[in-house]
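Asker: Chain by chain, the residues run as shown.
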Amino acid sequence: MKRSLIGRLWPNVTAVVLFLGFVFPVYWMFATAFKPTGDIVSENPVWFPTDVTFEHFRTAVDVDHFWTYVTNSLTVTVLAVVFSLIIALAGSFALARMRFRGRRHFIIVFMLAQMAPWEVMIIAMYMIVRDASMLNSLVPLTLFYTMMILPFTILTLRGFVAAVPKELEESAMVDGCTRRQAFRRVILPLLAPGLMSTSLFGFITAWNEFALVLVLNKDAEAQTLPLWLSRFQTQFGDDWGATMAASSLVSVPILILFVFLQRKAVSGLTAGAVKG
Amino acid sequence: MTVQTERPPSGPADVRKADDGGPGGQKKRAASRAGALAPYLLLLPACVATVLLLGWPLLKDVLLSFQNLNMAQLIQHVTEWNGVDNYKETLTSEDFWRVTLRSIVFTAVNVVLIMVVGTLIGLLLARLGSRMRFTLMVGLVLAWAMPPVAATTVYQWLFAQRFGVVNWVLDKLGWHSMADYSWTSSQMSTFFVVILLIVWMSIPFVAISLYAATTTIPKELYEAASLDGAGAWRSFTTVTLPFLRPFLLATTFLEIIWVFKAFVQVFTFNGGGPDRLTEILPVYAYVEGVGNQHYGMGAAIAVLTILILLGLTAYYLRIVLKQEEDEL
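From first to last, the protein sequence lines stand for chains A and B. The letter at position 260 of the first sequence is residue 260 when you use the numbering used here, and the numbering goes up by one with no holes. The letter at position 236 of the second sequence is residue 236 when you use the numbering used here, and the numbering goes up by one with no holes.
To be clear, the hints were calculated from the coordinates, so they are not data collected in a lab. Wrong hints could be hidden among the right ones.
To be verified - Straight-line Cα separation of at most 20 Å, SDA-like style, residue types lysine to any residue; simulated pairs:
| id | chain 1 | residue 1 | chain 2 | residue 2 |
| --- | --- | --- | --- | --- |
| 1 | B | LYS172 | A | TRP47 |
| 2 | B | LYS322 | A | GLY102 |
| 3 | A | LYS218 | B | GLY291 |
| 4 | B | LYS60 | A | ALA132 |
| 5 | A | LYS218 | B | LYS322 |
| 6 | A | LYS218 | A | ASN136 |
| 7 | B | LYS60 | A | PRO117 |
Claimed, not checked - With the C-beta cut set under 10 Å, the calculated list includes, among others, these residues of chain A facing chain B:
| id | residue |
| --- | --- |
| 8 | THR14 |
| 9 | TRP67 |
| 10 | GLY91 |
| 11 | PHE93 |
| 12 | PHE106 |
| 13 | VAL109 |
| 14 | TYR126 |
| 15 | ARG130 |
| 16 | MET148 |
| 17 | ILE154 |
Small disclaimer: the values here were computed from a predicted structure and weren't measured. Note that beta-carbon positions come from the ideal geometry of N, C-alpha and C, so glycine has one too.
One chain only, chain A, in its complex shape:
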C-alpha cells in the first residue's frame, strides 16, 4: 500500500505540533525556574535559557516551613498508601479467590466508592473532624486519603491476585503449607509488581490532593505541598521564577513516577478505572 507524500507527511507533522503543544507548559515551567530574573521579565521571551541559575529554587526552599510541608506531604502520602495496601490486600484476596454470598455487592460498593465526589463532601468532613477536635492534624488527612485510594487499590489488586495461577497456591498447600503460608510465600512475591504500580497510583492521588487539606488545616504546621504552592504565587506576587521553581519541586516526583510507570499507567487505569 503506497500512500502519497502528503498522506505520509501529515500524521507526522500533526504529531510534532501536538507534541510541542503538550510539552510546552511543562518545558516553560522548568525553563522559567532556571532562568535569571532578567530573562523572565524581558519584553521578548527568552525561549532557551542560556545562563542557568538555581537562585529561584533557593528562594522557594528558603520559605518558612518548606521542609515541614515536604515532611507532611511525604508522611501523609506514604502512610495512606501503606494503610490502603494492607487493607486492600486482604479484601482483594477474598474477592479474587473466594466464593461467598454478597461478593458481587462488595465489588459494586467499591466501584461506586471509587467515584465518590470527595471535593463536594468537604464541608461534612470538616464538621466531622472539627467535632473530633482534630483540625490541623495529619491524622484525619491520612485516614481520608487512605479511603480515597482504597477502592482503586482493592479493584486493581483483585485483578493482580486473580492473575496468579491458582495451581501454584494449591501445590504449595499440598506440600504442607497452610493457606496463610501459601499466601505469604507464593502469592505475595508474585504480586510485587502489581503492588508496586498500584501503590504508585495511590501515591500520586494522595500527593496531589488539595481540597480537603485546604479546608481542614489552616495551620502552616499541618499543611502539604499543593496548598503551599497554591498560595505561593499570591505571597510572592510576580516572582514567577520562584513560583515556577516551586511548581517544579512539587511536580518532579510525580513526573518521574509517571514516566517510569507509563506502560503500566495505561493497563492499570483502563483495568481499574474504566471498568468502574
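Start from chain A and add chain B according to the hints.
Answerer: Coordinates of chain B only, in the frame set by chain A:
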C-alpha cells in the same frame, strides 16, 4: 455450599473421631465455619473504612443540610434543625440555578472537547510510526502527570498579564490589544483558560487508553472488511468504531464525573472570580459553606450537587451495575 461446610461427610470424621477420641470432629467443624467466615473477615477492614470514612461523611452531609449552622451555632456547638429551609432557600435562589446551568455547560464543553480531540489523537497514535508515536506519547504522559495545582500555576504564568508568553505571541501575531490583556478580568476569558487547562490535562488519558484499545482489535477483522471491499472510512465505521464503543462510553462518563467536580483548577486559577462569575457547583458549595460560613446551606448545595451528578451519570451507572451482575 453452606450446607456442605456445616456438615462434613461423616466417613472421615468418624475415622478421625475414633483416632483422636472425640474433639477432632468438633474442631474440624469449627474450622470450616471459620472458613466460611474468612472472606468476610478479610473484607472487614475495607468495609469499616468505607462506612466510617465515606459513608459517614455522606450521611453527615445530608444531616447538616437540614440544620441552621452558621458561625454562631458553630462556635456555641449547638444543633439547630431547620427542616427543609436550606433546600427551599437554595432551590428558590436564582444564583443556584445559574451556577447549575453554568456547571452543566462547562462540563459539556470540556467533555466534548476532551473526547473528540482525545479520540482523534488516539487514532493518530495508532497510525504513526513507532518512533514518532513514542515521541508523542512522551509529550502526552508529561502533560498527564502534572499535579493539578502545579499545572494551574503554570497556566497562570503562561497567561500572565505582564511577561506572559501567550500575550506576547498574540501581540506578535498582530493582535495588539492583547499585549497587556488580563485573562482573569472577565468570565469568558477565565473559562477559556480553565477549559484549555482541563482539556490539556485530560486528553492524554483518553488518547493513550484509546490507542491501547485499538491495539486489541483483531487484524482479521480489517482483512475481512477489505476483502468485502470496504475502504478506509468504511472499515473505520464498521470495525474500529463498534469495537471502541463500550470504551468510549465508559470514558465519556468518567470524564463527566471528573470534570463536573473540577474544584482544584477553577478554584486555584481565579478563585471562582471575577465577581464569582466562574464558580461551578463544587466551588459554589465551598464559597457558600466554608467561605461565607453558612455550613448548613453549603451542605444542602453539596447534596444537590451529588444528586445532579448522579442524574448525569445514571445511564452509565446502570450499565456498569448490570454488566457486573451479568459477569459475576
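Asker: Against each hint, give a clear statement of whether it holds in the structure.
Answerer: Comparing the hints with the structure gives:
{"no.": "1", "hint": "B:LYS172 - A:TRP47", "result": "holds, 15 Å"}
{"no.": "2", "hint": "B:LYS322 - A:GLY102", "result": "holds, 15 Å"}
{"no.": "3", "hint": "A:LYS218 - B:GLY291", "result": "holds, 13 Å"}
{"no.": "4", "hint": "B:LYS60 - A:ALA132", "result": "holds, 13 Å"}
{"no.": "5", "hint": "A:LYS218 - B:LYS322", "result": "violated, 44 Å"}
{"no.": "6", "hint": "A:LYS218 - A:ASN136", "result": "holds, 6 Å"}
{"no.": "7", "hint": "B:LYS60 - A:PRO117", "result": "holds, 14 Å"}
{"no.": "8", "hint": "THR14", "result": "holds, 6 Å"}
{"no.": "9", "hint": "TRP67", "result": "violated, 19 Å"}
{"no.": "10", "hint": "GLY91", "result": "holds, 4 Å"}
{"no.": "11", "hint": "PHE93", "result": "holds, 6 Å"}
{"no.": "12", "hint": "PHE106", "result": "holds, 6 Å"}
{"no.": "13", "hint": "VAL109", "result": "holds, 7 Å"}
{"no.": "14", "hint": "TYR126", "result": "holds, 7 Å"}
{"no.": "15", "hint": "ARG130", "result": "holds, 8 Å"}
{"no.": "16", "hint": "MET148", "result": "holds, 9 Å"}
{"no.": "17", "hint": "ILE154", "result": "holds, 6 Å"}
Against the hints set out earlier in the document, violations occur for numbers 5, 9.
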